[in-house]
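J.: Keeping their order, the protein sequence lines are chains P and L.
Note that the working numbering has the first sequence beginning at 1, numbered continuously upward.
Note that the working numbering has the second sequence beginning at 1, numbered continuously upward.
Hint data in this document are derived by calculation from the structure and do not stem from the laboratory.
There could be a bad hint or two in this list.
Once the Cα atoms are required to be at most 16 angstroms apart in a straight line, the calculated EDC-like pairs of lysine to aspartate or glutamate come out as [unchecked claim]:
{"id": "1", "chain 1": "P", "residue 1": "K54", "chain 2": "P", "residue 2": "D20"}
{"id": "2", "chain 1": "P", "residue 1": "K199", "chain 2": "P", "residue 2": "D144"}
{"id": "3", "chain 1": "P", "residue 1": "K50", "chain 2": "L", "residue 2": "D61"}
{"id": "4", "chain 1": "P", "residue 1": "K54", "chain 2": "L", "residue 2": "E57"}
{"id": "5", "chain 1": "P", "residue 1": "K55", "chain 2": "P", "residue 2": "E10"}
{"id": "6", "chain 1": "P", "residue 1": "K117", "chain 2": "P", "residue 2": "E103"}
{"id": "7", "chain 1": "P", "residue 1": "K154", "chain 2": "P", "residue 2": "E188"}
{"id": "8", "chain 1": "P", "residue 1": "K40", "chain 2": "P", "residue 2": "E64"}
{"id": "9", "chain 1": "P", "residue 1": "K54", "chain 2": "L", "residue 2": "D23"}
{"id": "10", "chain 1": "L", "residue 1": "K54", "chain 2": "P", "residue 2": "E64"}
{"id": "11", "chain 1": "P", "residue 1": "K181", "chain 2": "P", "residue 2": "D166"}
{"id": "12", "chain 1": "P", "residue 1": "K55", "chain 2": "L", "residue 2": "D58"}
{"id": "13", "chain 1": "P", "residue 1": "K50", "chain 2": "P", "residue 2": "E68"}
{"id": "14", "chain 1": "P", "residue 1": "K50", "chain 2": "P", "residue 2": "E14"}
{"id": "15", "chain 1": "P", "residue 1": "K50", "chain 2": "L", "residue 2": "E57"}
{"id": "16", "chain 1": "P", "residue 1": "K50", "chain 2": "L", "residue 2": "D58"}
{"id": "17", "chain 1": "P", "residue 1": "K40", "chain 2": "P", "residue 2": "E63"}
{"id": "18", "chain 1": "P", "residue 1": "K55", "chain 2": "L", "residue 2": "D61"}
{"id": "19", "chain 1": "P", "residue 1": "K54", "chain 2": "P", "residue 2": "E10"}
{"id": "20", "chain 1": "P", "residue 1": "K28", "chain 2": "P", "residue 2": "E64"}
{"id": "21", "chain 1": "P", "residue 1": "K40", "chain 2": "L", "residue 2": "D48"}
{"id": "22", "chain 1": "P", "residue 1": "K54", "chain 2": "P", "residue 2": "D18"}
{"id": "23", "chain 1": "P", "residue 1": "K168", "chain 2": "P", "residue 2": "D180"}
{"id": "24", "chain 1": "P", "residue 1": "K185", "chain 2": "P", "residue 2": "E219"}
{"id": "25", "chain 1": "L", "residue 1": "K37", "chain 2": "L", "residue 2": "D23"}
{"id": "26", "chain 1": "P", "residue 1": "K154", "chain 2": "P", "residue 2": "E170"}
{"id": "27", "chain 1": "L", "residue 1": "K37", "chain 2": "L", "residue 2": "D58"}
{"id": "28", "chain 1": "P", "residue 1": "K28", "chain 2": "P", "residue 2": "D72"}
{"id": "29", "chain 1": "P", "residue 1": "K181", "chain 2": "P", "residue 2": "D144"}
{"id": "30", "chain 1": "P", "residue 1": "K55", "chain 2": "L", "residue 2": "E57"}
{"id": "31", "chain 1": "P", "residue 1": "K50", "chain 2": "P", "residue 2": "D20"}
{"id": "32", "chain 1": "P", "residue 1": "K54", "chain 2": "L", "residue 2": "D61"}
{"id": "33", "chain 1": "P", "residue 1": "K50", "chain 2": "P", "residue 2": "D72"}
Taking beta-carbon pairs under 10 angstroms as the criterion, some of the chain L residues facing chain P (in silico) [claimed, not checked]:
{"id": "34", "residue": "I49"}
{"id": "35", "residue": "L50"}
{"id": "36", "residue": "K54"}
Glycine is no exception: its CB is placed at the ideal position from the N, C-alpha and C atoms.
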Amino acid sequence: MIIADRKPLEEILEMIADVDNIMLVGCKGCVTVCNVGGLKEVQILSSSLKIARKKADRPLQIEEVLLERQCDPEYIEQIRDTYDRYDAVLSMACGVGPQFLSEAYPGQRFFPTVNTKFMGGAVTHGIWEERCAGCGTCVIHHYDGLCPIARCSKSLLHGPCGGSADGKCEVSQEIVCIWDKIVLKKMEQGRLEDLRTFKPAKDWRSARDGGPRTSIREELVQ
Amino acid sequence: MSDAYEPQVLAFCCKYCAYAAGDLAGSMRLSYPANVKVVQVPCSGRVDILHMLKAIEDGADALYVAG
Numbered sequence: 001m002i003i004a005d006r007k008p009l010e011e012i013l014e015m016i017a018d019v020d021n022i023m024l025v026g027c028k029g030c031v032t033v034c035n036v037g038g039l040k041e042v043q044i045l046s047s048s049l050k051i052a053r054k055k056a057d058r059p060l061q062i063e064e065v066l067l068e069r070q071c072d073p074e075y076i077e078q079i080r081d082t083y084d085r086y087d088a089v090l091s092m093a094c095g096v097g098p099q100f101l102s103e104a105y106p107g108q109r110f111f112p113t114v115n116t117k118f119m120g121g122a123v124t125h126g127i128w129e130e131r132c133a134g135c136g137t138c139v140i141h142h143y144d145g146l147c148p149i150a151r152c153s154k155s156l157l158h159g160p161c162g163g164s165a166d167g168k169c170e171v172s173q174e175i176v177c178i179w180d181k182i183v184l185k186k187m188e189q190g191r192l193e194d195l196r197t198f199k200p201a202k203d204w205r206s207a208r209d210g211g212p213r214t215s216i217r218e219e220l221v222q
Numbered sequence: 001m002s003d004a005y006e007p008q009v010l011a012f013c014c015k016y017c018a019y020a021a022g023d024l025a026g027s028m029r030l031s032y033p034a035n036v037k038v039v040q041v042p043c044s045g046r047v048d049i050l051h052m053l054k055a056i057e058d059g060a061d062a063l064y065v066a067g
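Sequences and hints are given; from them, build the entire structure.
T.: Here's what the structure looks like:
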């Protein structure tokens, strides 16, 4: 799923310093699962904003809304009758949400309340890690399910590099050298020879390097 | 802040211990300040961040959870 972090309250307050009446829209998708933009987080942010603005002697009116998703037009439609009753609309979805909202309702102002970070999963309660870089050409089968594109700081197809020491990456001691893990796993499975296979340079045009991407499923297009 | 300032305090008390202790204090004719408002909860674990935020939002100056 997409992992995001809530923006600091001060930053959100600064964004909406000139408005007094807002709609705060949560999303039941990825941001609910990573505890950053679901129902509970909408209620917490709403209450925190109200308290801060009351303290600053400029009360803020907030309508709390939760959409099934903010990345599908049919759910975005659900606020068509109400979106223009507010000075601004704040989205608690990933970066897709405020963009879909602003494309659907050009007359309104939309603000993001989260910083969208990466595609990953929860390794333990409260800790999420990146697992996929969305490069568009999956190669993890060559590396026993460990993705060097997303998890190696240099996205090396042949590794490890000279910066690997004690299983850690030279970029940070917090980063596990995935190439160290790939080699260990190949050794455990007796298939170290696999790594002698030369991999040609990756075609990055399927990744972001080819510009913004589109996915078309002909059988679904009407 | 003037001397007359009296903070409004909200107390979330567990039914089985803190609230029961409050009851016992009452039967012993012990009093507590009038600016403390007690809310009985089935368990102190029931108290959520939203309960606390709503309390502050609605005018509480301080709150505590007893259980």
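J.: Going straight from one Cα to the other, do P/K199 and P/D144 come out at no more than 16 angstroms?
T.: Roughly 15 angstroms between the alpha carbons, so the hint for P/K199 and P/D144 holds.
J.: Between P/K50 and P/E68, does the CA-CA distance stay at or below 16 angstroms?
T.: The hint is violated at about 25 angstroms.
J.: Below or equal to 16 angstroms on CA atoms is what counts here, so check P/K55 against L/D61.
T.: holds, 12 angstroms
J.: For the pair supplied as a hint, P/K50 and P/D72, confirm whether the alpha-carbon distance does not exceed 16 angstroms.
T.: violated, 29 angstroms
J.: Check whether the Cα positions of P/K54 and L/E57 lie no farther apart than 16 angstroms.
T.: Holds, at about 8 angstroms.
J.: Check whether the Cα positions of P/K54 and P/D18 lie no farther apart than 16 angstroms.
T.: holds, 14 angstroms
J.: Would you mind confirming whether the straight-line C-alpha gap from P/K54 to L/D61 stays at or under 16 angstroms?
T.: Since the Cα atoms of P/K54 and L/D61 sit roughly 13 angstroms apart, the hinted pair holds (cutoff 16 angstroms).
J.: For the restraint on L/I49, tell me whether the closest CB of chain P is nearer than 10 angstroms.
T.: OK, holds: L/I49 within 10 angstroms of chain P, min 6 angstroms.
J.: Below or equal to 16 angstroms on CA atoms is what counts here, so check P/K55 against P/E10.
T.: Distance of about 13 angstroms is within 16 angstroms: holds.
J.: Is the straight-line distance between the alpha-carbon of P/K50 and that of P/E14 16 angstroms or less?
T.: holds, 14 angstroms
J.: Would the pair P/K168 and P/D180 pass a check requiring their Cα atoms to be no farther apart than 16 angstroms?
T.: holds, 8 angstroms
J.: With a cut-off of 16 angstroms on the C-alpha distance, tell me whether P/K117 and P/E103 pass.
T.: violated, 22 angstroms
Violated hints for the displayed structure, listed by number in ascending order: 6, 7, 9, 13, 24, 33.
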